[in-house]
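Visitor: Chain by chain, the residues:
Number of protein chains: 6
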Amino acid sequence: MPALTDVLAALDALWPPERAEQWDAVGTVCGDPDAQVGRVLFAVDPVQEVADEAVALGADLLITHHPLYLRGTTTVAASTFKGRVVHTLIKNDVALHVAHTNADRADPGVSDALAGALDLRPVRPLVPDPADPAGRQGLGRICELDRPETLGEFTERAAARLPATAQGIRASGDPDRTIRTVAVCGGSGDGLFAEARAAGVDAYLTADLRHHPASEAREHSDLALVDAAHWATEWPWTELAAAQLDEISDRHGWDLRTHVSRKVTDPWTAHAAAAAPFRVFAPDPASASPA
Amino acid sequence: MPALTDVLAALDALWPPERAEQWDAVGTVCGDPDAQVGRVLFAVDPVQEVADEAVALGADLLITHHPLYLRGTTTVAASTFKGRVVHTLIKNDVALHVAHTNADRADPGVSDALAGALDLRPVRPLVPDPADPAGRQGLGRICELDRPETLGEFTERAAARLPATAQGIRASGDPDRTIRTVAVCGGSGDGLFAEARAAGVDAYLTADLRHHPASEAREHSDLALVDAAHWATEWPWTELAAAQLDEISDRHGWDLRTHVSRKVTDPWTAHAAAAAPFRVFAPDPASASPA
Amino acid sequence: MPALTDVLAALDALWPPERAEQWDAVGTVCGDPDAQVGRVLFAVDPVQEVADEAVALGADLLITHHPLYLRGTTTVAASTFKGRVVHTLIKNDVALHVAHTNADRADPGVSDALAGALDLRPVRPLVPDPADPAGRQGLGRICELDRPETLGEFTERAAARLPATAQGIRASGDPDRTIRTVAVCGGSGDGLFAEARAAGVDAYLTADLRHHPASEAREHSDLALVDAAHWATEWPWTELAAAQLDEISDRHGWDLRTHVSRKVTDPWTAHAAAAAPFRVFAPDPASASPA
Amino acid sequence: MPALTDVLAALDALWPPERAEQWDAVGTVCGDPDAQVGRVLFAVDPVQEVADEAVALGADLLITHHPLYLRGTTTVAASTFKGRVVHTLIKNDVALHVAHTNADRADPGVSDALAGALDLRPVRPLVPDPADPAGRQGLGRICELDRPETLGEFTERAAARLPATAQGIRASGDPDRTIRTVAVCGGSGDGLFAEARAAGVDAYLTADLRHHPASEAREHSDLALVDAAHWATEWPWTELAAAQLDEISDRHGWDLRTHVSRKVTDPWTAHAAAAAPFRVFAPDPASASPA
Amino acid sequence: MPALTDVLAALDALWPPERAEQWDAVGTVCGDPDAQVGRVLFAVDPVQEVADEAVALGADLLITHHPLYLRGTTTVAASTFKGRVVHTLIKNDVALHVAHTNADRADPGVSDALAGALDLRPVRPLVPDPADPAGRQGLGRICELDRPETLGEFTERAAARLPATAQGIRASGDPDRTIRTVAVCGGSGDGLFAEARAAGVDAYLTADLRHHPASEAREHSDLALVDAAHWATEWPWTELAAAQLDEISDRHGWDLRTHVSRKVTDPWTAHAAAAAPFRVFAPDPASASPA
Amino acid sequence: MPALTDVLAALDALWPPERAEQWDAVGTVCGDPDAQVGRVLFAVDPVQEVADEAVALGADLLITHHPLYLRGTTTVAASTFKGRVVHTLIKNDVALHVAHTNADRADPGVSDALAGALDLRPVRPLVPDPADPAGRQGLGRICELDRPETLGEFTERAAARLPATAQGIRASGDPDRTIRTVAVCGGSGDGLFAEARAAGVDAYLTADLRHHPASEAREHSDLALVDAAHWATEWPWTELAAAQLDEISDRHGWDLRTHVSRKVTDPWTAHAAAAAPFRVFAPDPASASPA
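Chains as they are written, first to last, in UniProt numbering: chain A, 1 to 291; chain B, 1 to 291; chain C, 1 to 291; chain D, 1 to 291; chain E, 1 to 291; chain F, 1 to 291.
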């Protein structure tokens, strides 16, 4: 069995920490570099439920996409829920390692896995990394569909192929418009509207879109928007990453056992459709004053 | 018919601009203070579709909840979508006035209207305004239900009573837990989780919740979350505000004609439920590695 | 007749907006890109009097040197004097376009026009633009006189040749010193004293000099200072710019009618010379104590 | 003869340093607290010419209104003009003391002296000091005229009564409008336009007004503006201050000899009126294009 | 045995965390609030050697004066020395709690213990806490000696009574001057020179004084300085704090076993006196040039 | 005799001011550039005692390593101790010039002189200046010993060879460990621990080390630390610099008389060793509770 430090070196080669954003906090959160690693669990979120799963599984290493501490802490006391995760992991000899924006930018990276889950063909990054002369690394992916479909069909495809969540998929735009090219960005992508417009794609699929950015994007151009659960857009990467580590393990003869958590850590557990049409939206447009 | 300046004085008495947040931009965006006002339209968003509605209606004044320019601009050229709105309004003699966080904090305010739409009984503000000795002004409202219901029932109530939107309602928590008290906050309320926990309510209904804040709130305590469309949580206020201006108009003998826009300016126009269960969430939990 | 968007493209080629200072706000302030342009007015200041002149003239486009909004605004309500200008222009279909520090730096630019009005020969920029390999663009101009004259004569030349203003011309230095080279900078040039000293010129002509910068410059070296009305130093550019647009119009067969505003928008309308010598400056220098 | 430290204590009682603005640098710039003081010179500017006058006069203490170093320095080497002043003063045992915004705010202060020179009756501060319950300290003064006069007459009064400078007096507004009340502020007063408008005075006399603030003030309201040399608006205070120190000297039996510098340290030494009307301001308003 | 949460409540009553400085990081660093506490170790520094001592001792709680993380961290991996401490403590069920500037300001606090070790009589805080009406809480202590002694004698007293360290005690000032009053401040006290001067004490004892602050303090006034090892000035507090917790334990019948670490965590382990006089300081003061 | 300006030009060639740190304040603090220079004194600190020595010596120029004013001042009044130094120097025609971090980085520089005093062989800078292609300029020096010695022996060497100070030398680490390579940095070097570790040296000698940085450095790695008086680590440079100026003087035929101050301006004047072992460090480790 390899030592943790050897596995970490392999992970850092896949997702070099220096490629993470300045504000990000990637790398090893807890664990002893000399410990032996036999079993590895991949997940999106380092929440208690996932830490418990790692313990139950007998994992020596938990690799998540999201940082446990994005901003620095001066305490890991178990009276906080994050400190409880740290105690659980250290007490049970489970190391925690994070690959976040360095995995977003990698080739293949988070948005490649997302494109793969949706059966889209990635063409190039939405925001190419200036340091990559090959032009394959960067945030988001511009993708092509094998054959055109309507926005309505594309939305159904997202609902069918992404991991199922209670919240489902939201879309904005004429359901009959034709979609030939799509920009995708795993996670919260509301900072890349200008790039999606500049790319000239027909639609942009990402997560966590709020009223004002989405509304302004829709006023600004006719780019269709498709919004999925943040977790669902990043989960496909855990399968990709596990396969990458499997391949490395085989190459080194490490005999690692890799696992992918299937716990849905999207916080939303139920969805209710609105009654349509709502009563105040009366069919009589002439009726104006609410009296 | 009153002059615009007279109507604005009445609006400023309802929603004093100095009660708005420091970062906010409330007040009159365009219009001539000496113009006569006969017809007024209320809406949530100052988008082109709403500006066109105001023109079609012959309105002299459009009152919206959201600012057109939250950050300062040095141009209103019609080559931008916001400048196009300004041109439409000025060319057609429609003034635009904004009541945003000053309306949020008022008594009655945006969250009172939201509570009313949901048939909840507001008890006190979630964040009381220190400047109000009566303790009735402030952000959000802590509310009581007439009789306890489950989270599932409460979510259905929100779906049934709020203006219908394509995105519907999301909820997080055990659907069978009992809900007796609820904090509500119209608009994006993810800055008030700590206050909702401190208030000891069973659930918190607001809008625009993203993965990380919602997930951390759920890890932090068992507070149930209910998330509606931003627009849907604020629309009830337009009816309340119109009624308030009607009452003022009657008192002054102004004979104003007030209208409430029924255009759904929530950007989301379609929703697709996920296929459940998604195939990778296989019934066999023993299968670990994705191979 | 060309569309506004075509005329703006020509103006942006003359004075590329990206050459403006970081803090500046150049470009189109109001107007519809699809409107037709037949008549254009040039002026220094976008004040109400000038907006009224544009309307009276039937202009479709007003081009000014000074921005209407240098800092961003969230309102163009006509209750403010700038909002009144916006209403006047939009109601009367007059677009407003600003060329400010991008025109200062152009070749030919504002200081070339100033030098031309003074019959000086521009040799090179006072602050060359590092991005211009030809070394002709930049702020201010270093100029040569055809033949040497005294500071007194140079001051009289400025008074005679610049557009007349009530405030006239101020000078600092020995009136009999010989002037062979002059730095000129249209507008407020008190940030360029060090450059003028480094250039080794005999005098520096600019505007808006206040006590402390001027006094310190005079203590620092013997550079003579000549101060004119801000407006008067920039007005010559409006004639130059109009001629440039005429030439473009001819080339495209646009048949534009260009005009230059002759309204003096320098705020000062009267000047009174001091009584000399003032009584406390008694002829008896021996008298020291005011008793 | 008193020690410098005793004289400074008296000056600090007249103009308490803690009443100066946060950004200001008042107090003693050089000098030995134990030195004896027999002769004192007052002046507006601590320039070399004034330092030389102090030396020629045999002064032990120079008191100026303007700081020598408003921002901190790490060198007083005589290779800089300010360091040359320091060397001159220290070599000749002349202390330098500054009373700047603490003298502006005092009662009586700089603007009282200015009002006195203009024969105006100060009524109250333009910006009252919140720490003064009597309401007499603060920046600027609101003044009444003994009897109304036109703006033209008031401008002539300023020209006749303020210390003569080459630049004279500028005015903005209808020369025939009646002036009954005036706000005055010695030095650069362009930060107090809003206060002058709020005070409802007919005119505002101050110094160092530049194009943009003055132009915007004139667009904003009909407040007349009168602009004098910065030095001339502050010189009257040197006579007032000398008289105050004379009185203190008499009271303590110090037998000080106080002097007031009559050197005009306004940097402008010549003025040339514009030729009127300037040729381009042709009588024919129909001629539009400069061709 | 009490739960950790009960012991922490008692500690927070002794040293309320809200009295710590804004920049400080006090409170619980690791540990489970529900764990039982039987044995407690007090120490100055949370270093590995002390963590190992806590484990060897079977302690359930380690209380230190210095924070482990003064600035936030995003990792506690055992590849860092601080993370190694966290792993050691969590693996061995030892909680870590920090009382730093809240203990400095307490009554009795760190400087009281320091005064006690030196046999000085604390009179009042050096920087009284404005929130304490009794005037007993605050940083540092002003102390009186039972009878006057020379600075030399006082320095010897410090060397004899403080915990022994290799670096010993440094002093600055005339060894024969009389010391009647002393300000003391446990830890790095170079921010309180002005307060010590204002208090009019004869000497100031603190730690970690560097060249520039100490040199400037000596140039500024004749205040004598005495500098001890940082650790040695704070160690006396660990005995005081242990006694305080013993008393609480007795009162509650908790039967806690408290211990005080005697490990010297001052980093300096050896000291060498300079050869005196150094050769370049030749007895011939006339020899000036090094040649 | 050369003029001051000529000597300064030579000094600026030795220690170019533009190589100083951004926050530093090097160059000429007082003096007249036209004065004649015959005698020069070098010292570490520009304190009153050194200024008096310069006057007594008849020096025309004092060159110190430390700035008099590191942060800007608005006063040089003799009521402050720094202003007293300025008055002393200007009254006695002594110029003051500072070479601080520009001398630290020079080749040879401050750390070369320190290495020389210790008989170490400098190999390369600890922090090479990226602007020096030869790789010889920069902060600190990595040095080799002629033959290995123990840390104890190296500490004794430092005590014997550096200028004697009361505080002596502190060391941290196993006294028997072998030292082959040492990093040295004159002055406060606690910002360069990471560079010293990266260089792989056995020990790091510098000054002004405080508890927290030193303790953390010792926890972080086994790098031995040696701490001398700040003044003692920089004094050797004054001899080096004097020799450099002597050589320049000879070359120009200036016939300068250079002197090096032997006044010990380290503030510490006495040291007392701790009684060992301190009583509370009893031999019985079983005794735990302080009772």
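Calculated directly from the structure, the hints in this document are not laboratory data.
Every residue, glycine too, gets a C-beta built ideally from N, C-alpha and C.
Worth double-checking, as some hints may not be accurate.
As the list claims (entries may be wrong) - Each pair of labels, with its calculated beta carbon distance range: (1) D:6 x E:216: 23 to 29 Å; (2) C:71 x D:177: 42 to 48 Å; (3) F:273 x E:38: 54 to 60 Å; (4) A:176 x C:263: 54 to 60 Å; (5) D:14 x C:49: 45 to 51 Å; (6) F:70 x A:123: 54 to 60 Å; (7) F:16 x D:6: 56 to 62 Å; (8) B:21 x A:134: 45 to 51 Å; (9) C:71 x B:273: 44 to 50 Å; (10) A:123 x B:146: 39 to 45 Å; (11) E:216 x F:252: 50 to 56 Å; (12) A:119 x B:21: 56 to 62 Å; (13) A:119 x B:273: 42 to 48 Å; (14) C:5 x A:176: 39 to 45 Å.
Visitor: For each hint given before, does the structure comply? Return the numbers of the non-compliant ones in rising order.
Guide: 2, 3, 7, 10, 11, 12, 13, 14
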